[in-house]
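**Student:** The listed protein sequences correspond, in order, to chains D and F.
Sequential numbering of the first sequence, starting at 1, is according to my numbering.
Sequential numbering of the second sequence, starting at 111, is according to my numbering.
Since the hints were derived computationally from the structure, they do not count as laboratory data.
Here the structure is a predicted model, which is why all the values come from computation and not from measurement.
Here a beta-carbon is modelled for each residue, glycine too, at the ideal position from N, C-alpha and C.
Heads up, a few of these hints could be off.
Stated by the list, open to error - Now the in silico label distances, taken between C-beta atoms and shown as ranges:
| id | chain 1 | residue 1 | chain 2 | residue 2 | range |
| --- | --- | --- | --- | --- | --- |
| 1 | D | V82 | F | L193 | 44 to 50 Å |
| 2 | D | V82 | F | S190 | 40 to 46 Å |
| 3 | F | R173 | D | F18 | 44 to 50 Å |
| 4 | F | F179 | D | P40 | 30 to 36 Å |
| 5 | F | Q164 | D | G29 | 19 to 25 Å |
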Amino acid sequence: GNSVTQMEGPVTLSEEAFLTINCTYTATGYPSLFWYVQYPGEGLQLLLKATKADDKGSNKGFEATYRKETTSFHLEKGSVQVSDSAVYFCALSDLVALNFGKGTSLLVTP
Amino acid sequence: AAGVIQSPRHLIKEKRETATLKCYPIPRHDTVYWYQQGPGQDPQFLISFYEKMQSDKGSIPDRFSAQQFSDYHSELNMSSLELGDSALYFCASAGLAGGPRNEQFFGPGTRLTVL
């Protein structure tokens, strides 16, 4: 079946550090891929998405590229801020609903 | 812009009680999804509706039922509540008929605590 595997956290970085959160997927067909962010005590917000191979999603300085050959959708940001502290979920859509990874908690310190 | 509205935001129930969670999708969205997120867990798909008809079921217990009404709002009914039902329940809506490939917009969630 379809599944998403993302790196376990927590990830702790200093402000302005480079961020990578790895995400790989297993799917039949050609799913769409998403990154969602969940700030403490809040709901899920779509951060970025990609709907086909080689697409790059980007938003708020975050980027992820849909790599079919490596079945990956790694999230990157060149310079993180304290306000980026949150839990990040990688997800794929199949014919039913969203399949989420386990989430990666990010803490950015000043 | 209007977002997905969920009510109540917090709910405390005793074991074996019932609970009803409500979801109001973004205007003109015709698809609603329900997810359950346990403490420290990823969201798990429960059930979805398209144009007031159930479209797919995930890991929804038999004690739970849901429906989508003529105004597209949806309600998740939970009976014989168990301690393990304590979780954050998200509703998400989508706007086109193409299925989950379209962007899902999530509500803020209802935090259910079963004592």
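**Student:** With reference to the structure, classify each hint as holding or not holding.
**Tutor:** Hint-by-hint comparison with the structure:
no. : hint                       : in the structure
1   : V82/D - L193/F: 44 to 50 Å : 36 Å, violated
2   : V82/D - S190/F: 40 to 46 Å : 44 Å, holds
3   : R173/F - F18/D: 44 to 50 Å : 47 Å, holds
4   : F179/F - P40/D: 30 to 36 Å : 33 Å, holds
5   : Q164/F - G29/D: 19 to 25 Å : 23 Å, holds
Against the hints set out earlier in the document, a violation occurs for number 1 only.
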